[in-house]
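K.L.:
Just so you know, the protein sequences line up as chains A and B, in that order.
Quick note: the first sequence uses the numbering used here, first residue 1, plus one each step.
Quick note: the second sequence uses the numbering used here, first residue 239, plus one each step.
No wet-lab data here; the hints were simulated from the structure.
Partial chain A-side listing against chain B, Cβ under 7 angstroms, derived:
#	residue
1	F54
2	V74
3	T75
4	V90
5	F92
6	I95
7	L103
8	A104
9	K153
Just the calculated beta-carbon pair ranges, DEER-fashion:
#	chain 1	residue 1	chain 2	residue 2	range
10	B	N468	A	N208	52 to 62 angstroms
11	A	G81	B	I492	37 to 47 angstroms
12	B	P502	A	D168	37 to 47 angstroms
13	B	K496	A	E14	31 to 41 angstroms
Below, in silico cross-link-like pairs of lysine-lysine (DSS-like), each with a Cα-Cα straight-line distance of 27 angstroms or less:
#	chain 1	residue 1	chain 2	residue 2
14	A	K93	B	K460
15	B	K514	A	K56
16	A	K99	B	K423
17	B	K384	B	K300
18	A	K93	B	K409
19	A	K93	B	K423
20	B	K539	A	K99
21	A	K12	B	K514
22	B	K496	A	K93
23	B	K425	A	K108
24	B	K298	B	K283
25	A	K49	B	K514
26	A	K31	A	K185
27	B	K539	A	K108
28	B	K445	B	K496
Keep in mind that this is a model prediction, so the values were computed, not measured.
All C-beta atoms in this analysis are idealised placements derived from N, C-alpha and C, irrespective of residue type, glycine included.
Spelled out, the chains give:
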Amino acid sequence: MLELKQIGYTVKDETGKKQDILKGVNLTFGKGISVITGPNGSGKSTLIKILMGFEKPTSGSILFDGEDITGMSVTDRARKGFTIAFQQPVRFKGITVKKLLELACGTKLDTDGMCECLSAVGLCARNYIDRPVDGTLSGGELKRIELASAIAKGGEVFLLDEPEAGIDLWSFEDLVKVFRKLHDKIVIIVSHQQRILETADQIVLFENDKVITAGRKEEMFEKLSQGRPLCWRIGQEN
Amino acid sequence: MDKIDEELLETIADLHGVPEGSFNIRKNGKLLARNSDSDVEIVSKKDKDGIDIIVKPGVKGKSVHIPVLLTVGDFQDLVYNDFYIGENADVTIIAGCGIHNDTCGDAVHDGIHTFHLEKNAKVRYVERHYANGDGSGKKEFMPVTKIFLKERSSFTMESTQLGGVTYTDRKTFATVGKDAQLIVKEKILTDGDERAITDFKVNLRGKNSRADIVSRSVARGKSTQDFHSNMIGKNECFGHVECDGIVLDSARIISVPKIDAVSPEASLVHEAAVGKIAGEQLLKLMSLGLTEQEAEDAIIKGFLH
Ligand SMILES: Nc1ncnc2c1ncn2[C@@H]1O[C@H](COP(=O)(O)OP(=O)(O)O)[C@@H](O)[C@H]1O
Ligand SMILES: [Mg+2]
Numbered sequence: 001m002l003e004l005k006q007i008g009y010t011v012k013d014e015t016g017k018k019q020d021i022l023k024g025v026n027l028t029f030g031k032g033i034s035v036i037t038g039p040n041g042s043g044k045s046t047l048i049k050i051l052m053g054f055e056k057p058t059s060g061s062i063l064f065d066g067e068d069i070t071g072m073s074v075t076d077r078a079r080k081g082f083t084i085a086f087q088q089p090v091r092f093k094g095i096t097v098k099k100l101l102e103l104a105c106g107t108k109l110d111t112d113g114m115c116e117c118l119s120a121v122g123l124c125a126r127n128y129i130d131r132p133v134d135g136t137l138s139g140g141e142l143k144r145i146e147l148a149s150a151i152a153k154g155g156e157v158f159l160l161d162e163p164e165a166g167i168d169l170w171s172f173e174d175l176v177k178v179f180r181k182l183h184d185k186i187v188i189i190v191s192h193q194q195r196i197l198e199t200a201d202q203i204v205l206f207e208n209d210k211v212i213t214a215g216r217k218e219e220m221f222e223k224l225s226q227g228r229p230l231c232w233r234i235g236q237e238n
Numbered sequence: 239m240d241k242i243d244e245e246l247l248e249t250i251a252d253l254h255g256v257p258e259g260s261f262n263i264r265k266n267g268k269l270l271a272r273n274s275d276s277d278v279e280i281v282s283k284k285d286k287d288g289i290d291i292i293v294k295p296g297v298k299g300k301s302v303h304i305p306v307l308l309t310v311g312d313f314q315d316l317v318y319n320d321f322y323i324g325e326n327a328d329v330t331i332i333a334g335c336g337i338h339n340d341t342c343g344d345a346v347h348d349g350i351h352t353f354h355l356e357k358n359a360k361v362r363y364v365e366r367h368y369a370n371g372d373g374s375g376k377k378e379f380m381p382v383t384k385i386f387l388k389e390r391s392s393f394t395m396e397s398t399q400l401g402g403v404t405y406t407d408r409k410t411f412a413t414v415g416k417d418a419q420l421i422v423k424e425k426i427l428t429d430g431d432e433r434a435i436t437d438f439k440v441n442l443r444g445k446n447s448r449a450d451i452v453s454r455s456v457a458r459g460k461s462t463q464d465f466h467s468n469m470i471g472k473n474e475c476f477g478h479v480e481c482d483g484i485v486l487d488s489a490r491i492i493s494v495p496k497i498d499a500v501s502p503e504a505s506l507v508h509e510a511a512v513g514k515i516a517g518e519q520l521l522k523l524m525s526l527g528l529t530e531q532e533a534e535d536a537i538i539k540g541f542l543h
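Next up, chain A with everything else stripped away, as it sits in the complex (with noise of 0.2 angstroms):
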C-alpha cells in the first residue's frame, strides 16, 4: 500500500512568488489499477515525479507499507520495487535499445527475452533492438520503448505517465493487456483515454484548484457524467 499523507510541492516562480503545484494530497494508492485524470497542468506529472524521488516533496510523507520513504533515493526506490514510464522519455545517444532493456532488468538478454519485452508494446524485437534510443525513433516508438522498459524492469510499483500519448488508437487494446497484466501491483496511470479510465479500479481527478477527488471506478463515472465541470474530458478521444 503505497499513502501519501499531506503531500505539498511549491516553487518559486522568476519573481520569487511561492506557487502551490501540489497542496495537502491526501491518497492511497493499492494493489490494481488507479488511474489519475485531469487537465494540463493540474499537477499529475509532479506528483508521479515526487512518488519516483525525482522531485522531493515541500511537506508531507509517503508511505510503502507502512515505511516512511519520503527522503529515499530514486535508486533506492526503482530497487524497492519503483518502476516509471515517463511522460517524455528520454533519448539517448548511443544507448540502444537492447542496452536500455538489459539495464531495466539488469541481465543480459537473449533473443526471446527481447521479444517478450518488445512484442507486449507491439514492437518486432529484430527492427529495434541495434537502434539507438535517440531522435532516429519515432514518438511513438520511443513511448513503446519507455513502457517495454518499465515491464522489464518489473516491480510492485508502475508509475505511467500518460502511456498512451502517441500511441495509436488501434493498439490501445494490446496496451490495456499490458496494464491488466499487472492487477496485482500498484499501478498507477495518468491518463486521459476513457478506454484507459474504463479499466481503473481507482480513479483520481485533479483539478486546477488544487481539489483532488479520488473514489471506485463506478462512483467517479457517475460524478463526471452529471456534468458538472470537471466532466472537460470523458468521453472525448484526443
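Once you have looked at the hints, place chain B with the ligands on chain A.
P.N.:
Using the frame of chain A, we list chain B with the ligands on its own:
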C-alpha cells in the same frame, strides 16, 4: 610475443595472436611478423621507416591488420605507411597502436599514413589508440592521415582513442574527388591531465563529393580536448561536421568547426554541442535501479559505443 603484447593486440585490434590474411605487426620500431600475399602486398620502404601496402584492383572482402606496439620508454617511433588501393577494391584495414610504458621515459608514436584510393575503391579504416603502464613517462600519439579519393571511391575512418594517452595531436587531411565520399567516426576519451587535439581539413573538390565527420568525445578529470575542423566546398558537394562532447568534473572541450563554401553550389553544415550529461538521462537510468555513478558510466559507454 609476450603477455603484454597479446593484451595490447586484443585491445587495439581484437586480435588473439596472429591474425588471418595480410598483416604486419610492428613492435618497438621493428618488424615482429608479416604476411603478404598476391592480393595485398606489404613491402618495406627503402628510403625510410615504414611500409607500402598495395591492394590489387578488384580485391574484395579482404582485411589487412597493421598493429603497432610500443612497450618501452624513451622511444620515438616514426613510421610512414602508404596505402595504394586499386580500382574496385573493397578492403578493411585495421591499424591500432598500443603503448605500454612502465618507465619514466616518454614513448611516442608518430604514424604518417597516406591513402590513395583509385576509382570506385572502398576502404574501411579502423584505428584504435590505447595506452597503459604505470611509469611517469608520457604516452603520446601524433598521427597524420592523408586521404586522396578518386572518382566514386569511398573511405570510412573509425578512429577511437580509448584512454591512457597522455597527449595526442591528430591531423587528418582529405581531398575528395567526383562522386567520392569520406565518412569519419571519431571517438575520444580523456581523463586526468590528458590532452587531445584533433584537426580535420577536408577539401571537397569533385562534383557531388560528400563528407560526413562525426566526433564524439568524453573528457573527465582535468583533461582538455580541442576539436578543429575546416571543410572547404569547391564544387557542388555536401559536407557535414558534428562534434558532440560530454564534459565531467573540471574537464574542457573546445570545438572550432569552420566551413567554407567556396563554390555557391556547396552545401556545408556543422553542429556542435558540448556539455555535461543531461540530468534526465541520469534520472531515467537511476529509476531502473542504477546508482548515479553506474548511470553515468552506462551513458558514457553508450555514447562512445
Ligand atoms: N519545478 C517547477 N518550477 C516551476 N513550475 C513547475 C515546476 N514543476 C512543475 N511546475 C508547474 O506545475 C504545473 C503542473 O505541472 P505538471 O505536473 O507537469 O502537470 P500535468 O502533468 O498535470 O499536466 C505546471 O504549470 C508546471 O509548469
Ligand atoms: Mg503531465
